[in-house]
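Asks: Sequence:
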Amino acid sequence: MMTEYERYKVTIYCPVCGERYILRGSREKNGKIETGFKQCVCSNDRNFHIYSEQL
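Number 42 in the working numbering belongs to position 42 of the sequence shown; there are no gaps in the numbering.
Simulated from the structure, these hints should not be mistaken for laboratory data. Wrong hints could be hidden among the right ones.
Stated by the list, open to error - Below 16 Å or equal to it, Euclidean Cα-Cα: the simulated EDC-like pairs (lysine to aspartate or glutamate) are:
1. Lys29 / Glu6
2. Lys38 / Glu6
3. Lys9 / Glu34
4. Lys29 / Asp45
5. Lys9 / Glu53
6. Lys38 / Glu53
7. Lys32 / Glu19
Since we're looking at a predicted model, the values are computed, not measured.
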């Protein structure tokens with residue numbers, strides 16, 4: 001049974017500059033995992049490699 005508070009470890013990798021972010025997120029009702037991440041320090045706001053695992 002899925003609750004709206006399931007937590008996930010999300011790793012976001014930027015292929016433009018190589019920066020890696022490790023964040024916590026929660027799954028929304030529509031299935032997306034929300035972390036609040038908007039853009040990389042290199043101003044890239046698209047093109048990310050995103051991996052997630054349930055905590």
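Asks: Take the hints in turn and mark each one as holding or not.
Replies: The hints, checked one at a time:
For the given pair, Lys29 sits about 11 Å from Glu6 by alpha-carbon distance, which is consistent with the 16 Å threshold. A hinted pair counts as satisfied when its Cα atoms are at most 16 Å apart, and Lys38 with Glu6 does not qualify at roughly 21 Å. Restraint check: the Cα-Cα separation between Lys9 and Glu34 comes to about 11 Å, which is no more than 16 Å; the hinted pair holds. A distance of roughly 24 Å separates the Cα atoms of Lys29 and Asp45; the hinted pair therefore is violated under the 16 Å criterion.
Taking the CA atoms of Lys9 and Glu53, the gap is near 5 Å; set against the 16 Å cutoff, the hint holds. About 20 Å separates the Cα atoms of Lys38 and Glu53, which puts this hinted pair outside 16 Å; it is violated. For the suggested pair Lys32 and Glu19, the alpha carbons sit about 22 Å apart, so the restraint of at most 16 Å is broken.
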